[in-house]
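**Q** Sequence:
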Amino acid sequence: FNLSINVSYRALLYLHVVIMDMESWKFLRSVCILSFLLGSCFVYQSLRVVVAQEDTKPAVTLQVNASTGAGRLIPETLFGIFFEEINHAGAGGLWAELVSNRGFEAGGQNTPSNIWPWSIVGDQSSVYVATDRSSCFERNKIALRMDVLCDSNGCPSGGVGVYNPGYWGMNIEEGKKYKVAFYVRSTGDIDLSVSLTSSNGSVTLASEQIIASASDVSKWTKKEVLLEAKGTDHGARLQLTTTKKGSIWIDQVSALPVDTYKGHGFRNDLLQMMVDIKPRFIRFPGGCFVEGEWLSNAFRWKETVGPWEERPGHFGDVWKYWTDDGLGHFEFFQLAEDIGAAPIWVFNNGISHNDEVETASIMPFVQEALDGIEFARGDANSTWGKVRAAMGREEPFELKYVAVGNEDCGKTYYRGNYIVFYDAIKKAYPDIKIISNCDGSSRPLDHPADFYDFHIYTSASSLFSMYHQFDRTSRKGPKAFVSEYAVTGKDAGTGSLLAALAEAAFLIGLEKNSDIVEMASYAPLFVNTNDRRWNPDAIVFNSSHLYGTPSYWVQRFFAESSGSTLLASTINGNSSSLVASAISWKNNGQDYIRIKAVNFGADSVNLKVLVTGLDPNVMKVSGSKKTILTSTNVMDENSFTQPEKIVPHETLLEMAEEDLTVVLPPHSFSSFDLLKESAKIRLPISDSSSTDKRV
1 FNLSINVSYR
11 ALLYLHVVIM
21 DMESWKFLRS
31 VCILSFLLGS
41 CFVYQSLRVV
51 VAQEDTKPAV
61 TLQVNASTGA
71 GRLIPETLFG
81 IFFEEINHAG
91 AGGLWAELVS
101 NRGFEAGGQN
111 TPSNIWPWSI
121 VGDQSSVYVA
131 TDRSSCFERN
141 KIALRMDVLC
151 DSNGCPSGGV
161 GVYNPGYWGM
171 NIEEGKKYKV
181 AFYVRSTGDI
191 DLSVSLTSSN
201 GSVTLASEQI
211 IASASDVSKW
221 TKKEVLLEAK
231 GTDHGARLQL
241 TTTKKGSIWI
251 DQVSALPVDT
261 YKGHGFRNDL
271 LQMMVDIKPR
281 FIRFPGGCFV
291 EGEWLSNAFR
301 WKETVGPWEE
311 RPGHFGDVWK
321 YWTDDGLGHF
331 EFFQLAEDIG
341 AAPIWVFNNG
351 ISHNDEVETA
361 SIMPFVQEAL
371 DGIEFARGDA
381 NSTWGKVRAA
391 MGREEPFELK
401 YVAVGNEDCG
411 KTYYRGNYIV
421 FYDAIKKAYP
431 DIKIISNCDG
441 SSRPLDHPAD
451 FYDFHIYTSA
461 SSLFSMYHQF
471 DRTSRKGPKA
481 FVSEYAVTGK
491 DAGTGSLLAA
501 LAEAAFLIGL
511 EKNSDIVEMA
521 SYAPLFVNTN
531 DRRWNPDAIV
541 FNSSHLYGTP
551 SYWVQRFFAE
561 SSGSTLLAST
571 INGNSSSLVA
581 SAISWKNNGQ
591 DYIRIKAVNF
601 GADSVNLKVL
611 VTGLDPNVMK
621 VSGSKKTILT
631 STNVMDENSF
641 TQPEKIVPHE
651 TLLEMAEEDL
661 TVVLPPHSFS
671 SFDLLKESAK
681 IRLPISDSSS
691 TDKRV
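According to this note's numbering, the sequence shown is numbered sequentially starting from 1.
Take the hints with a grain of salt, since some may be wrong.
Straight-line distance between alpha carbons at most 30 Å, and here's what the computed DSS-like set of lysine-lysine pairs gives [said to hold, decoys possible]: (1) Lys-586 <-> Lys-676; (2) Lys-625 <-> Lys-586; (3) Lys-411 <-> Lys-320; (4) Lys-177 <-> Lys-230; (5) Lys-476 <-> Lys-411; (6) Lys-278 <-> Lys-625; (7) Lys-244 <-> Lys-262; (8) Lys-262 <-> Lys-219; (9) Lys-479 <-> Lys-426; (10) Lys-223 <-> Lys-244; (11) Lys-219 <-> Lys-245.
Label-pair restraints from in silico Cβ distances [stated by the list, open to error]: (12) Asp-603 <-> Lys-230: 54 to 64 Å; (13) Arg-139 <-> Lys-386: 12 to 22 Å; (14) Asn-65 <-> Thr-383: 47 to 57 Å; (15) Thr-632 <-> Gly-410: 37 to 47 Å; (16) Arg-139 <-> Lys-230: 29 to 39 Å.
Bear in mind the hints are in silico, worked out from the structure with no lab data behind them. These figures come from a predicted structure and were not determined experimentally. Don't be surprised by glycine CBs; every beta carbon is placed ideally from N, CA and C.
Can you make the complete structure from the sequences, with help from the hints?
**A** See the structure below:
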């Protein structure tokens with residue numbers, strides 16, 4: 001650089017003597033500027049070469065101790081899922097029932113009542129509908145009366161009646177079969193069309209006629225039809241129509257796809273998303289859903305068992321919608337079994353958001369909890385085991401964990417109520433683990449518990465820093481259950497990459513502290529995009545489509561962690577934006593090491609991984625695969641139009657012998673799977689042979 005300046009300056013002096021006119025001076029000035037720029041460019045290119053050379057050197061080293069016996073077993077239950085009836089996660093979601101407000105109970109017990117979302121086919125001159133209390137079911141007395149005012153000569157060609165659009169449209173697919181069931185009675189003969197149609201009723205996708213004499217339907221009678229769709233419509237509706245004059249009463253209308261997960265009534269695609277996380281537990285049914293704004297609207301399990309027609313349903317006043325409770329106590333235990341997860345039942349402890357039961361009066365709630373456990377675990381001859389057996393399940397379900405309430409720790413009667421529940425349950429079922437919803441991570445609990453519940457919703461930077469949250473937590477006393485965590489607020493959007501990266505770092509911290517943290521789950525799991533009551537969520541869906549947010553895909557990275565071995569690992573170098581861990585596990589008889597690393601910073605990081613503790617004569621590691629979750633912008637999200645904008649990308653991982661050096665892209669979550677395999681050993685050559693032998 002100095003050389004360029006000196007050359008330019010000397011040239012300027014020399015030319016100043018020889019050429020004195022103004023034009024020459026202009027020329028000289030141009031030469032000077034050009035020389036300066038050329039010199040600067042040379043220096044810049046030289047610096048770039050030096051920087052590029054330095055960039056090829058690892059800035060951070062992760063040292064992993066893979067020696068036998070050096071690791072620590074991670075609990076079998078570490079990562080699971082939390083299902084709450086929120087955002088229409090169950091009603092209109094995981095539970096495959098297509099009809100909304102199937103028993104006409106949602107409008108309340110005073111008649112005539114609102115029948116939303118049911119509507120009439122025809123007009124008021126041809127059909128009149130209203131609710132009354134004539135149902136044959138004692139726990140849900142509301143039924144729909146339909147007075148047909150026209151006959152075959154005066155009714156529209158398609159008939160008149162009622163239709164139900166389901167939950168923002170029914171997903172009807174060509175070639176699929178749908179079972180429709182309902183109860184009906186009439187003062188005369190009936191000729192009723194049961195149809196699946198397009199959203200405006202103009203296209204019939206499937207239809208069957210039900211014809212019955214007055215004597216056959218003078219009392220409530222159950223009718224069933226099997227409809228096979230001749231077309232596809234993601235916003236379809238169910239219609240019940242007739243051209244026969246008279247009065248018809250209808251109640252408890254159901255439409256279910258024949259094809260549900262294992263035939264148990266769960267929507268296939270949503271449940272498969274759960275299975276793919278490989279959850280080791282499932283916490284249900286809430287959350288705030290269990291508490292209610294008022295106890296009168298809390299989830300009460302006894303009202304959700306038995307035949308679906310006899311379940312009264314209830315209004316969930318926290319999330320502001322009606323549920324028919326087809327997804328009830330029995331179905332939750334069936335769900336846990338279907339996905340291979342341990343059930344964790346959260347029950348109401350006599351406390352809602354706005355009212356409480358005094359400890360002196362809490363025993364009816366305690367008995368309800370004991371009965372709920374008996375329903376799951378009791379033999380088929382017990383009082384509540386008989387109810388379960390009558391529902392088709394003689395053998396007991398597994399139930400090892402229960403949670404006493406939700407987020408009630410500061411309430412007046414929580415501690416007193418909790419002690420009564422704890423003592424009664426431990427006396428009847430000593431093996432059941434009981435979860436307190438008071439946080440014991442920073443100070444000891446003042447009551448006995450097997451687990452304490454920890455919830456955290458915060459910004460991305462805060463959650464990232466909480467990687468160390470449990471580092472200094474006492475290892476004495478109950479274990480931690482992180483049953484609800486997520487990034488929320490502006491950092492989250494409706495499911496951003498930034499949120500997911502912070503959550504990944506937090507989970508790595510839980511993994512490293514799994515000697516005190518025994519279970520963890522994201523919240524909420526599902527959102528029907530037509531009724532987003534909470535934001536963000538792991539899985540977004542409508543009647544026909546779905547996608548996972550980046551937060552969902554982060555959980556897939558930890559699918560092998562539960563029950564694996566945590567390896568001691570140390571990061572050396574500038575790592576303020578880097579969090580990493582290492583585990584070992586077996587898959588199909590082979591041993592693997594998985595390195596997980598979050599780069600929360602805006603610059604790429606060169607990471608060198610050193611695996612120590614393996615005898616090179618016996619064991620070595622080789623590359624298997626690498627998986628990276630990232631995008632061009634930290635606020636990027638997936639959507640129905642771009643459902644895979646941010647998903648993990650897998651490629652083969654190559655490494656030179658024992659050397660693994662990788663680049664962690666800016667704002668990324670990466671995992672690297674290494675295969676542990678036997679090293680080839682050269683045996684000594686015997687005197688009788690010069691042949692090399694390798695094993």
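**Q** So, for every hint listed, does it hold in this structure?
**A** Going down the list of hints, with the structure as the test:
Distance hint between Lys-586 and Lys-676 is fulfilled; the C-alpha atoms sit about 10 Å from each other, no more than 30 Å. For the suggested pair Lys-625 and Lys-586, the alpha carbons sit about 15 Å apart, so the restraint of at most 30 Å is met. With a C-alpha separation of about 23 Å, the suggested pair Lys-411 and Lys-320 falls inside the 30 Å cut-off, and the hint holds. For the hint linking Lys-177 to Lys-230, the alpha-carbon distance of about 10 Å falls within 30 Å, and the restraint holds.
A hinted pair counts as satisfied when its Cα atoms are at most 30 Å apart, and Lys-476 with Lys-411 qualifies at roughly 26 Å. For the hint linking Lys-278 to Lys-625, the alpha-carbon distance of about 19 Å falls within 30 Å, and the restraint holds. A distance of roughly 40 Å separates the Cα atoms of Lys-244 and Lys-262; the hinted pair therefore is violated under the 30 Å criterion. Distance check on the hinted pair: Lys-262 and Lys-219 sit about 35 Å apart at the alpha-carbon level, beyond 30 Å; violated.
In summary, the hint linking Lys-479 to Lys-426 is supported, as the alpha carbons are separated by about 17 Å, within the 30 Å threshold. The suggested pairing of Lys-223 with Lys-244 holds, with an alpha-carbon distance near 18 Å, which does not exceed 30 Å. Between Lys-219 and Lys-245 the CA atoms are separated by roughly 18 Å; this keeps the pair inside 30 Å, and the hint holds. In this structure, Asp-603 and Lys-230 meet the distance hint of 54 to 64 Å, their C-beta atoms being roughly 57 Å apart.
Distance hint for Arg-139 and Lys-386: a CB-CB separation of about 18 Å, consistent with the stated range 12 to 22 Å. Between Asn-65 and Thr-383 the C-beta distance comes to about 55 Å, which sits within the given range of 47 to 57 Å. Separation of Thr-632 from Gly-410 is about 44 Å and conforms to the stated range, judged on CB atoms against 37 to 47 Å. Between Arg-139 and Lys-230 the beta carbons are some 38 Å apart, a value that agrees with the proposed interval 29 to 39 Å.
The structure does not agree with the numbered hints 7, 8 stated previously, though it agrees with the rest.
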